[in-house]
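Colleague: Work the whole structure out from these sequences, hints included.
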Amino acid sequence: MFAVADRAADEAGAILLERFGKAKVDYKGQFDLVTDADRAAEQRIVEILRDAFPGHGIVGEESGEQPGESRVRWLVDPIDGTTNYAHGLPLFAVSIAAEVDGELAVGIVYNPVYQEKYTAIRGHGAFLNGRRLAVSDTAELEKSMLMTGFPYPVRSSEESNIDHFINFSNRCRAVRRLGSAALDLAYVARGALDGYWDLYLHPWDLAAGWLLVEEAGGKVTDLRGRPLTYGVRQILATNGKIHDEMLRVLALGKTGLDTP
Numbered sequence: 126m127f128a129v130a131d132r133a134a135d136e137a138g139a140i141l142l143e144r145f146g147k148a149k150v151d152y153k154g155q156f157d158l159v160t161d162a163d164r165a166a167e168q169r170i171v172e173i174l175r176d177a178f179p180g181h182g183i184v185g186e187e188s189g190e191q192p193g194e195s196r197v198r199w200l201v202d203p204i205d206g207t208t209n210y211a212h213g214l215p216l217f218a219v220s221i222a223a224e225v226d227g228e229l230a231v232g233i234v235y236n237p238v239y240q241e242k243y244t245a246i247r248g249h250g251a252f253l254n255g256r257r258l259a260v261s262d263t264a265e266l267e268k269s270m271l272m273t274g275f276p277y278p279v280r281s282s283e284e285s286n287i288d289h290f291i292n293f294s295n296r297c298r299a300v301r302r303l304g305s306a307a308l309d310l311a312y313v314a315r316g317a318l319d320g321y322w323d324l325y326l327h328p329w330d331l332a333a334g335w336l337l338v339e340e341a342g343g344k345v346t347d348l349r350g351r352p353l354t355y356g357v358r359q360i361l362a363t364n365g366k367i368h369d370e371m372l373r374v375l376a377l378g379k380t381g382l383d384t385p
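Sequential numbering of the sequence shown, starting at 126, is according to my numbering.
Hints listed in this document are in silico derivations from the structure and should not be mistaken for laboratory results.
Accuracy of the hints is not assured; some may be wrong.
Unchecked claim - In silico DSS-like cross-links for lysine-lysine, where the CA-CA straight-line distance does not exceed 25 Å:
| # | residue 1 | residue 2 |
| --- | --- | --- |
| 1 | 379 | 366 |
| 2 | 147 | 268 |
| 3 | 268 | 344 |
| 4 | 344 | 366 |
| 5 | 379 | 344 |
Claimed, not checked - DEER-style ranges, computed between Cβ atoms:
| # | residue 1 | residue 2 | range |
| --- | --- | --- | --- |
| 6 | 151 | 257 | 36 to 46 Å |
| 7 | 351 | 169 | 28 to 38 Å |
| 8 | 240 | 264 | 27 to 37 Å |
| 9 | 268 | 151 | 17 to 27 Å |
Just so you know, even glycine gets a beta-carbon here, dropped at the ideal spot from N, CA and C.
Modeller: Shown next, in the form of structure tokens:
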């Protein structure tokens with residue numbers, strides 16, 4: 126499965142590069158963008174997966190769920206960070222993951238602009254362009270660099286994530302906002318970030334990055350510290366050493382704590 130996913134990521138990345146800076150933009154909602162590159166890249170990924178594994182299920186951001194007859198389901202985001210892509214900001218990624226009987230087995234996060242390909246196979250570690258990854262050793266929140274997101278639903282919701290942002294900003298070295306959940310998780314896996322929390326995500330946003338973090342030695346839960354499962358739309362991913370401390374800070378706020 127990994128070889129097929131790797132090829133799909135490469136071909137999707139080539140499509141994104143070819144159209145970068147000239148993609149046509151549409152709106153799926155008031156703020157939620159989609160480009161012709163999203164659609165073309167996902168179509169190519171699905172074609173490759175279908176040709177290789179006709180019985181597998183596929184869930185894609187643009188094409189929705191295509192059930193299969195197999196124990197395997199693919200989770201595909203052709204551009205994680207579409208807004209960045211549409212504005213010419215080179216911080217986006219192709220994200221492809223496969224789960225077997227509900228457990229993540231393969232994950233790829235690929236930024237074609239920088240030619241950075243993060244890969245993971247369950248039980249075999251996480252890698253960046255073939256180099257093994259490990260999460261950071263930072264053990265204190267006050268010395269940690271964190272990442273978060275402000276997804277579109279917060280604009281029409283009382284839950285804005287601002288409470289958590291303020292609480293962490295007052296307790297850690299810095300908080301950043303990148304705009305791509307897949308890359309955020311990849312950066313935790315490589316040790317560039319110590320922790321990441323987010324909410325209102327979809328399975329295709331976080332699946333590949335989730336596996337990367339775990340295979341790099343990190344920890345992934347929901348915002349209350351419960352095991353993450355398919356369909357849960359919030360995430361806390363850390364190096365493991367600051368996980369409990371981040372959970373204590375999250376408990377001081379309210380945003381997303383009761384969100385499925």
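Colleague: Look at each hint and say if it fits the structure.
Modeller: Results of checking the hints against the structure:
1. Between residue 379 and residue 366, the direct Cα distance comes to roughly 23 Å. Compliance with the 25 Å bound is thereby established for this hinted pair.
2. The hinted pair formed by residue 147 and residue 268 fails the criterion: a straight-line CA distance of about 40 Å is larger than 25 Å.
3. Between residue 268 and residue 344 the CA atoms are separated by roughly 18 Å; this keeps the pair inside 25 Å, and the hint holds.
4. Pair hint residue 344 plus residue 366 holds up; C-alpha atoms about 9 Å apart against a cutoff of 25 Å.
5. The suggested pairing of residue 379 with residue 344 holds, with an alpha-carbon distance near 22 Å, which does not exceed 25 Å.
6. Evaluation of the 36 to 46 Å hint for residue 151 and residue 257 yields a pass: the beta carbon distance comes to about 40 Å.
7. At roughly 36 Å, the beta-carbon separation of residue 351 and residue 169 lies within the given 28 to 38 Å, and the hint holds.
8. The hint said 27 to 37 Å for the Cβ distance between residue 240 and residue 264, and at roughly 32 Å that hint holds.
9. A hinted range of 17 to 27 Å for the beta carbons of residue 268 and residue 151 is inconsistent with their spacing of about 43 Å.
Of the numbered hints given earlier, the model fails hints 2 and 9; all others are met.
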